[in-house]
Amino acid sequence: MKIAVLVKQVPSSEAKIRIGADGKSIDTAEVEWVVNPYDEFAMEAALQAKEKFSGEVTVIGLGGDKVEEALRQCLALGADKAMVLRDAAFEGSDSLGVARALTAAVKEVGPDVVFCGKLGIDHDNSAVGVMVAELMGWPHASVVSSLEFNDESSATVVREIEGGSETLSVKLPAVLAANKGLNEPRYANLKGIMMAKKKPMDVKDAAALGIDAGTVGAAGAMTTTESMQPPAERSAGRLIDGDPQQQVTELVRLLKDEAKVL
Amino acid sequence: MSNPTPYDFFDMKSLLSEEERQVQQLVRRWVDEKVQPVIADAFDEHRFPSEMIPEMAEMGLLGCNLEGYGCAGLNNVTYGLICQELERGDSGLRSFVSVQGSLCMFPIHTWGSEEQKQKYLPGMADGSIIGCFGLTEPDGGSDPGTMKTHAKRDGDDWILNGAKMWITNGGIADVAIVWAQTEDGVRGFLVDKGMEGFTTRDTLKKYSLRASITSELFFDHVRVPESNRLPEANGLKSPLTCLTQARFGITWGAIGAAIGSMEEALGFAKERILFGRPLTHTQTIQRRFADMTRRITTAQLLSLQLGRLKDKGEMHPTQVSLAKWNNVRMGLDIARDARDILGAGGISVEYSPIRHMLNLESVITYEGTETIHELSVGRQICDGVNAF
Numbered sequence: 006m007k008i009a010v011l012v013k014q015v016p017s018s019e020a021k022i023r024i025g026a027d028g029k030s031i032d033t034a035e036v037e038w039v040v041n042p043y044d045e046f047a048m049e050a051a052l053q054a055k056e057k058f059s060g061e062v063t064v065i066g067l068g069g070d071k072v073e074e075a076l077r078q079c080l081a082l083g084a085d086k087a088m089v090l091r092d093a094a095f096e097g098s099d100s101l102g103v104a105r106a107l108t109a110a111v112k113e114v115g116p117d118v119v120f121c122g123k124l125g126i127d128h129d130n131s132a133v134g135v136m137v138a139e140l141m142g143w144p145h146a147s148v149v150s151s152l153e154f155n156d157e158s159s160a161t162v163v164r165e166i167e168g169g170s171e172t173l174s175v176k177l178p179a180v181l182a183a184n185k186g187l188n189e190p191r192y193a194n195l196k197g198i199m200m201a202k203k204k205p206m207d208v209k210d211a212a213a214l215g216i217d218a219g220t221v222g223a224a225g226a227m228t229t230t231e232s233m234q235p236p237a238e239r240s241a242g243r244l245i246d247g248d249p250q251q252q253v254t255e256l257v258r259l260l261k262d263e264a265k266v267l
Numbered sequence: 002m003s004n005p006t007p008y009d010f011f012d013m014k015s016l017l018s019e020e021e022r023q024v025q026q027l028v029r030r031w032v033d034e035k036v037q038p039v040i041a042d043a044f045d046e047h048r049f050p051s052e053m054i055p056e057m058a059e060m061g062l063l064g065c066n067l068e069g070y071g072c073a074g075l076n077n078v079t080y081g082l083i084c085q086e087l088e089r090g091d092s093g094l095r096s097f098v099s100v101q102g103s104l105c106m107f108p109i110h111t112w113g114s115e116e117q118k119q120k121y122l123p124g125m126a127d128g129s130i131i132g133c134f135g136l137t138e139p140d141g142g143s144d145p146g147t148m149k150t151h152a153k154r155d156g157d158d159w160i161l162n163g164a165k166m167w168i169t170n171g172g173i174a175d176v177a178i179v180w181a182q183t184e185d186g187v188r189g190f191l192v193d194k195g196m197e198g199f200t201t202r203d204t205l206k207k208y209s210l211r212a213s214i215t216s217e218l219f220f221d222h223v224r225v226p227e228s229n230r231l232p233e234a235n236g237l238k239s240p241l242t243c244l245t246q247a248r249f250g251i252t253w254g255a256i257g258a259a260i261g262s263m264e265e266a267l268g269f270a271k272e273r274i275l276f277g278r279p280l281t282h283t284q285t286i287q288r289r290f291a292d293m294t295r296r297i298t299t300a301q302l303l304s305l306q307l308g309r310l311k312d313k314g315e316m317h318p319t320q321v322s323l324a325k326w327n328n329v330r331m332g333l334d335i336a337r338d339a340r341d342i343l344g345a346g347g348i349s350v351e352y353s354p355i356r357h358m359l360n361l362e363s364v365i366t367y368e369g370t371e372t373i374h375e376l377s378v379g380r381q382i383c384d385g386v387n388a389f
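Residue numbers (the numbering used here), protein chains in the order written: chain A, 6 to 267; chain B, 2 to 389.
Simulated from the structure, these hints should not be mistaken for lab results. Incorrect hints may appear among the rest.
Stated by the list, open to error - Listed below are the simulated DSS-like cross-link pairs for lysine-lysine, each with C-alpha atoms no more than 25 Å apart in a straight line:
no., chain 1, residue 1, chain 2, residue 2
1, A, K112, A, K209
2, A, K71, B, K14
3, A, K203, B, K14
4, A, K176, A, K55
5, A, K196, B, K271
6, B, K35, A, K185
7, B, K313, A, K202
8, A, K7, A, K57
9, A, K86, A, K261
10, A, K202, B, K14
11, B, K14, A, K204
12, A, K21, B, K271
13, B, K14, A, K196
14, A, K209, A, K71
15, A, K21, B, K14
16, B, K194, A, K203
17, A, K55, A, K196
18, B, K313, A, K196
19, B, K194, A, K196
20, A, K202, A, K71
21, B, K194, B, K118
22, B, K35, A, K196
None of the values given here were measured: they were computed from a predicted structure.
Chain B extracted, bound-state conformation (with noise of 0.2 Å):
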């Protein structure tokens, strides 16, 4: 029997396999030796680290979960310990690989032609072709039924009219699925940059992932052929079982940037001499690192368990949004906690907590926002009954 570590206090290790310890060591190592150096700055400078992404995809992180096309072809929970594992680093690079994977390369690979599947997921593994998913709208994000944004008819092609916000990757896209109404109800479109029409613009001004692109998307009169509409995706429910996929990750990379605020916070506070002794000898910190360590823990076995879940095929999207509310709230709650503990110095890039928890005001409002995701357990719970 070995002590209780403050990260793995429940031995979570012994129940994951060999292979998905060395993957999530390789990842940690990568974020420790290649992004925890730079990512201060990135974010600083409002940049997202473009650099990375050949060395992500040469890891194979890309679309890791998915099989063929050049893709890994790993289990869920080892794709959610990259996650993890990214967010301690940045949630701007994990969001990154959520988007190219979760919310791109896995639409194509579920409802794509095979000439899609072709031409796009192999160049989206390797990292050479960028992906951005686009389904939120400037008017309410939480009701996506409502979209403006429509597709028409005409001949072979299609005719693209609309706008879409909040959309990751959106201006260094290569393709973006975009989301639209039609006669026969939703469909995705693959829309390739330099479609005539199709502009993007880069939210400037972010206090949340400024290392990370978010943009706008415009179609005007965009005309997509037949051959970039996804055959197999139908109705809503389509990009709604992508933001499910999306979501399983992000439960997972909550639990990396609590850790990454907690390991700042911890470290300090040993070292902080206030009124004669280390500043974890006393109560009230103790405390709160002792609830830091209950809620990363609990986090953890309900990120595994659902991982477990999703392996075996059995995972419900409810159990998804109650693990992304309960996960995203501790690590912001921890990130914000560790900033105080961390006294003025905290309001400083240069520790980790105020960086993870600006980025987890994006994340807790992103991919359906808190209350989203109780009304949706809520719902499970009372009869079924919608009251969004």
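With the rest of the complex left out, here is chain A (with noise of 0.2 Å):
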């Protein structure tokens, strides 16, 4: 089996995020990058895949030189090969713009299965893996919280949705979007990481994977940010006196009349 897995390298969700200076963009100086936490359940799944089937896993990112880190990760934990797709042309792309370079890799990889993380934790999208399926003309399955293969050529997928779940049979290829508790991501090893070292990393750029420029990057977006705004500043708490009986009863009465949550 033919396996592919989409990676964003994303902020570690410790990291102290600040705007940048041009006000629509994130100042990434000090931020320290990891793989996406639901493109992990991604590569896990895809490990399974291939132990069950057995096969070759190839992991596919965009960006710079960055992004490799987290591709290498992908390998020590036992991808096969990693794609990097990497163009000046590719920057300031919108979801669309990175889905349909990623879709050009896919082309190139012609994978059985694309495994990606339901949405990058950074901007919330939940958009290019959906893309890719569109753009592949393939199924796709979003928030999968379980997956099983009936063969090489259908799996059976639970999906989490509004007061529930549902059940899916999706034909492959297709796209299936991980969500967090799809399964347990493995640690690496350190003989994985030293073998990482040796595993092929291509550089593939617009040229090479047949993209032209005008449909990717800033020149093919068709949304465009137009400012970024840190949350608003929390208010300081307020603190009730009194003896427990009142403080509870001006609770009671804060809770409905100011917070109207009761």
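Grab the two chains, each in its own frame, and use the hints to assemble them into the complex.
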């Protein structure tokens, strides 16, 4: 089975996010980068599929030099190959531009199944995986919390939906976007980390992928970021005085009359 | 140029290879996810979390700086970083890895017969065989040359008599590396669990390394075959060489305990409002944290250079002495100060500093006390005169 995993590198959830000087991007100077946590579930699903059917796992990421660290981590976990999409033409891409670039890479790999995370924890768009499926003309299932391959041509997945879950049968090839809880991602081991250095990491530009530069990056973007704002500062809390009985009475009154949550 | 951060003030990260950084991140994450949530309870319950052994083995942490026999074959800086991250969790875990790798696998790898290497090392790397290291005796650990444990030749076997004390992993060990006097000087023996006359007793009522097993070993006419003697180990120098290996890792581990303590105290001090302002906005507290960062940074650079020297085969044991002395003292002082900054809450094991502080009381004593290391450095400087 040929398996592809789309991997995004995102700021660590513990990173302190500052808005850049232009007011519409993130200042990445002191950010610690990690593999998008949802992509870790995708990666684990890929490794389990490889263990079940044998085959090859290719991880694909778009970005500068740094993204290679994320891909190297996936190679350490057991992916066989990595593909880096890097071109000045990709800069300023919106979700669709990224999806177009990734789609070209997916075509090059020719997988039986593509795994990705349900969203990147930085921009929360939940768009790219679904767009890749659309551009490939493939089915997709997103927010996948359980997965069973029936054979190498179809899978049964459970998706989280509002108030419950639904079970889908999906024909392969397809794009499956992982939710938290799909599996328990494994830890790398030291031998894997050492072997990762020797595994192929192909860097491809737009021309190599046959991408028209006008369809990606700022040139191909259909949405543009106007501005970014940090969340509003939380105002200080209020202390309620009095004995416990008075405090409870006052708290209930505030929750009813002011917060209007009761 | 990026702003200096509290725990990497001199951008040590940039001096590490990508592989070294990846291993550090791996172990750090494992400690955060698997160790931190349970370690305070384990310490409180005086329980070694042995369920973590298979996970550490699976990652390849046991004997990771040895070549072949199922070991990862990493450099010493990476081994040091692993020790640092484990001890950020707890000294007990780092002690386990030090003993298994540096004190048990290392001597078998260095002085063992091919048969012994095949028999023990792959199992020790995968965690199915646990080792312990018996050098220290009840009467004065700093002077191991006067050891009373002895082995006497009897045909093809040796008859081993004596006792060892303060032995990490003793009670759970499948094999003990035991150092004993013979007519030809000190020799090393592989004493398997279950050999007749070999018993252990765990040391209870410890107030330090409570998430680790410490034991006494007793040898009452234990018949050990010659094939269980380390053929190439010769004299007291052999066990002391093992200790140099383990101490190297301890210099890194102490940094982890210091970082773990400071993280806890700094997080608290930023939130704690006293006299209308956070603790961190006061001079005294800023100076104390500044001092912690100064000492952590110094220790990091010391250990990194020590590791680079070790990887070149140029590390001198006295340099390890200086680093162990400096770094463990640094870790202990920082843990105590972090405990103090936490106020009353600091006496609870809910916060890590008191645990690190109590653990480091062992660490500053074992593998050469602080005084012994001072005297080793002193000897090096003062005409090689032994003042022990």
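Going down the list of hints, with the structure as the test:
Distance hint between A:K112 and A:K209 is fulfilled; the C-alpha atoms sit about 13 Å from each other, no more than 25 Å. Only pairs whose Cα atoms come within 25 Å are accepted, and A:K71 paired with B:K14 is accepted, the gap being roughly 14 Å. Using a Cα cut-off of 25 Å, the hinted pair A:K203 and B:K14 holds, with the two alpha carbons roughly 22 Å apart. A C-alpha spacing of about 18 Å is found between A:K176 and A:K55, which places the hinted pair at or below 25 Å, so the restraint holds.
For the hint linking A:K196 to B:K271, the alpha-carbon distance of about 40 Å lies beyond 25 Å, and the restraint is violated. This hinted pair checks out: B:K35 and A:K185 have alpha carbons roughly 18 Å apart, not beyond 25 Å. Restraint check for B:K313 and A:K202: satisfied, since their Cα atoms lie roughly 22 Å apart, inside the 25 Å limit. Straight-line distance between C-alpha atoms of A:K7 and A:K57 comes to about 12 Å, which keeps the hinted pair within the 25 Å bound.
Distance check on the hinted pair: A:K86 and A:K261 sit about 58 Å apart at the alpha-carbon level, beyond 25 Å; violated. Distance hint between A:K202 and B:K14 is fulfilled; the C-alpha atoms sit about 19 Å from each other, no more than 25 Å. Between B:K14 and A:K204 the CA atoms are separated by roughly 24 Å; this keeps the pair inside 25 Å, and the hint holds. Restraint check for A:K21 and B:K271: satisfied, since their Cα atoms lie roughly 15 Å apart, inside the 25 Å limit.
Straight-line distance between C-alpha atoms of B:K14 and A:K196 comes to about 21 Å, which keeps the hinted pair within the 25 Å bound. Of the supplied pair hints, the one linking A:K209 and A:K71 holds, its CA atoms being roughly 15 Å apart against a limit of 25 Å. With a C-alpha separation of about 19 Å, the suggested pair A:K21 and B:K14 falls inside the 25 Å cut-off, and the hint holds. As the CA atoms of B:K194 and A:K203 are separated by approximately 41 Å, the hinted pair breaks the 25 Å bound.
For a cut-off of 25 Å, the pair hint linking A:K55 to A:K196 stands: about 19 Å separates their Cα positions. Restraint check for B:K313 and A:K196: the C-alpha separation of about 22 Å stays at or below 25 Å, so the hint holds. Straight-line distance between C-alpha atoms of B:K194 and A:K196 comes to about 30 Å, which puts the hinted pair past the 25 Å bound. For the hint pairing A:K202 with A:K71, the CA-to-CA distance comes to about 15 Å; that is within 25 Å, so the pair holds.
Annotation: proposed proximity of B:K194 to B:K118 holds, straight-line Cα distance about 17 Å (limit 25 Å). Under the criterion of a C-alpha separation no larger than 25 Å, the hint pairing B:K35 with A:K196 is consistent with the structure, at around 21 Å.
Violation of the numbered hints given earlier is confined to hints 5, 9, 16 and 19; the remaining hints are satisfied by the structure.
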